[in-house]
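Each chain is listed here by its residues.
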Amino acid sequence: MLSLKHRRRVNTLLLGTLAWGVALAIFFPIFWMILTSFKTEIDAFATPPQLFFTPTLENYLLVNERSDYFHFAWNSVVVSFGSTIIGMLIAVPAAYSMAFFETKRTKSTLLWMLSTKMLPSVGVLVPIYLLFKDLGMLDTRLGLVIIYTLINLPIMIWMAYTYFKEIPKEVLEAARMDGATLLQEIWKVLLPMSKGGLASTVLLSLILSWNEAFWSLNLTASQAAPLTALIASYSSPEGLFWAKLSAVSTLACAPILIFGWVSQKQLVRGLSFGAVK
Amino acid sequence: MANLTIKNLKKSYGEVEILKGINLDIKDHEFVVFVGPSGCGKSTLLRSIAGLEEVTSGQIFLDNKEITELAPAKRDLAMVFQSYALYPHMSVRKNMSFALELAGQDKDLIETKVTEAARILELGPLLDRKPKDLSGGQRQRVAIGRSIVRHPKVFLFDEPLSNLDAALRVQMRLELARLHHDLDATMIYVTHDQVEAMTLADKVVVLNQGRIEQVGSPMELYYHPANQFVAGFLGMPKMSFLPAEVLAGDQSGVQIELASGSQVHLPVSSEAVTRGSSVTLGVRPEHIQVTGKHEGVFKGRLDVAEHLGSDTYCYVKTDAKENLTVRTPGDFQGVFGDTVGLNLDLSQCHLFDDHGQAIHKLSRSAA
Chain U
1 MLSLKHRRRV
11 NTLLLGTLAW
21 GVALAIFFPI
31 FWMILTSFKT
41 EIDAFATPPQ
51 LFFTPTLENY
61 LLVNERSDYF
71 HFAWNSVVVS
81 FGSTIIGMLI
91 AVPAAYSMAF
101 FETKRTKSTL
111 LWMLSTKMLP
121 SVGVLVPIYL
131 LFKDLGMLDT
141 RLGLVIIYTL
151 INLPIMIWMA
161 YTYFKEIPKE
171 VLEAARMDGA
181 TLLQEIWKVL
191 LPMSKGGLAS
201 TVLLSLILSW
211 NEAFWSLNLT
221 ASQAAPLTAL
231 IASYSSPEGL
241 FWAKLSAVST
251 LACAPILIFG
261 WVSQKQLVRG
271 LSFGAVK
Chain V
278 MANLTIKNLK
288 KSYGEVEILK
298 GINLDIKDHE
308 FVVFVGPSGC
318 GKSTLLRSIA
328 GLEEVTSGQI
338 FLDNKEITEL
348 APAKRDLAMV
358 FQSYALYPHM
368 SVRKNMSFAL
378 ELAGQDKDLI
388 ETKVTEAARI
398 LELGPLLDRK
408 PKDLSGGQRQ
418 RVAIGRSIVR
428 HPKVFLFDEP
438 LSNLDAALRV
448 QMRLELARLH
458 HDLDATMIYV
468 THDQVEAMTL
478 ADKVVVLNQG
488 RIEQVGSPME
498 LYYHPANQFV
508 AGFLGMPKMS
518 FLPAEVLAGD
528 QSGVQIELAS
538 GSQVHLPVSS
548 EAVTRGSSVT
558 LGVRPEHIQV
568 TGKHEGVFKG
578 RLDVAEHLGS
588 DTYCYVKTDA
598 KENLTVRTPG
608 DFQGVFGDTV
618 GLNLDLSQCH
628 LFDDHGQAIH
638 KLSRSAA
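Chains U and V supply the protein sequences, listed in that same order.
Position one of the first sequence corresponds to residue 1 (my numbering), numbered consecutively onward.
Position one of the second sequence corresponds to residue 278 (my numbering), numbered consecutively onward.
Looking at chain U on its own, in the form it has when it is part of the complex (with noise of 0.2 Å):
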């Protein structure tokens, strides 16, 4: 028989293991583009894969040569941080009055508005297409940064109504006993007092917006088009070319993944916020 001792080592082994398992398997795919991107086209596509190789930068030069990677980085960092402010300046007001002065339809309004995740984006795709056309805003910045604010905007009043939620009401009362206005009620009070809720939201909202793909691709060319168009791009009709690919993958992946990292604390604290009290 196994002591309890023993036995609660034991399990936290296993569960260990276990962990390590499923994060190695989830890192396993950007690990192998990272990989990728040093390699030549020719051991790109080796069998069996090869771990060992004469690691190259000439697929970084060549992309480069090829796009002008900071003019869709520059695009990237506008749409998202973009749709992320007009988002928050939304969401705030929005969640504020969700939160404390809910009415009986403030429930359904809120499951409304996270129902419209629900449907398939390419459902409406043809009316925000001829939308977009007739306004002039197709390959847009502006037209990305409206859209991505209108898709993540649901996500963000629901966050900011979660944390907001955790704070009594009473705090807020009496800042108003006190004197201040809603302005300042909401940015000397609400605000410092749910900034690490809200800076969650923001950092969530700032990744969405930068992995988006789907409209990116549809409703932009050359112009606005962000980084992901510019890794779809690198999948032509002459073929793929997996080194290439992966390099451009890389380099528009790399910013947002230093930024989670550095932020994960805020994040994960974010995430999980509510959840245990």
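Some hints here could point you the wrong way.
[Claimed, not checked] If we take Cβ atoms under 10 Å as the criterion, some of the chain U residues that face chain V in the derived model are:
hint, residue
1, Glu-41
2, Glu-65
3, Glu-170
4, Ala-174
5, Arg-176
6, Met-177
7, Gly-179
8, Ala-180
9, Thr-181
10, Gln-184
11, Lys-188
12, Val-189
13, Pro-192
14, Met-193
15, Lys-195
[What the hints assert, rightly or not] Derived lysine-lysine pairs resembling DSBU-like cross-links, with alpha carbons at most 35 Å apart:
hint, chain 1, residue 1, chain 2, residue 2
16, V, Lys-390, V, Lys-480
17, U, Lys-169, V, Lys-371
18, V, Lys-409, U, Lys-188
19, V, Lys-297, U, Lys-107
20, V, Lys-409, U, Lys-165
21, U, Lys-169, V, Lys-407
22, V, Lys-409, V, Lys-430
23, V, Lys-304, U, Lys-107
24, U, Lys-165, V, Lys-304
25, U, Lys-195, V, Lys-409
26, V, Lys-480, V, Lys-351
27, U, Lys-104, U, Lys-117
28, U, Lys-165, V, Lys-430
29, U, Lys-188, V, Lys-430
30, V, Lys-304, V, Lys-430
31, V, Lys-284, U, Lys-169
32, V, Lys-342, V, Lys-304
[To be verified] A few chain V positions that, by computed beta-carbon distances, are all more than 12 Å from chain U:
hint, residue
33, Lys-342
34, Gln-415
35, Arg-423
36, Glu-452
37, Gln-540
38, Arg-552
39, Ser-555
40, Gly-618
If you're looking for bench data, these hints aren't it; they were derived computationally from the structure.
All figures in this text were calculated on a predicted structure; none of them were measured in a lab.
All C-beta atoms in this analysis are idealised placements derived from N, C-alpha and C, irrespective of residue type, glycine included.
Model the placement of chain V on the given structure of chain U, informed by the hints.
Below, chain V without anything else, positioned relative to chain U:
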């Protein structure tokens, strides 16, 4: 100056009427306590005065100026919440100076006021701490400090001591009483704790189901309750109520018969009752005496005796299923099942008609 007048105030949430027409006058420097069971509307009334609740109809005046529609910030009132409601991201100093900064007051003046409030509440050493580093009592003091610095016309307290433990509650209660004396301010205080109501108030407002049952000084309410609700609500342990029937009435009082068959004569007005009408006799634990088995108006069986040291509370059941609570000296020796005789101090007994309204005492009208 701070005279608060409430005229026919009503508040409904949808179909549910929470306040059903409140009329009340609160004078300058008064310590007024709203007391009542949970759900009676006392907090809603306070929040309506504060401006945190929109009222359905009626008016509120502060020094003859109508404030019914004014924003909370414009009413010159300060409120202390049950949950303290401190700003967690600000230091104690910042919590207290927040309102003054919003009002755009001079920095030096703010500093002086905060230091003064901290001195009164002994918060000096804690000024740079955050609320999370304070104990419950200290947090409540900061919340009070936050309202003091503003020198409001009226202080509003919403069950401020409910979150504190028993010992701290007693201590803070004394501090509040002292504070009221020192500041000489008008205070309105909501509680469900009758001890707080009795000890702090100049004037107690007893609320029940959205209506004011009675307004008066603590002693007035205790000795001359207007109705059975007030009589039962104030006093610990509760007043005992015994059903009875009127036998006769004359100028000297009313003769009633209790369920157990005992007859007593009470010095109350006989005008409001008729022969044969059912009434309720109310008697407080301290106005019943335990006597020998075969003496007294009643005979009952001792159910439970609670020994508190200074007093012993005996719960007695009669054969007619009447329950009486009796206060006896601390060294009372009775045990469960003992038969005891009980005597009533008739001049201190209350009689309520079948609507629960008190029938006024003859001794009082003479006084």
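| Quick check: which numbered hints come out false for this structure? | Going through the list in order, the structure violates hints 1, 2, 23, 24 and 35 and respects the others.
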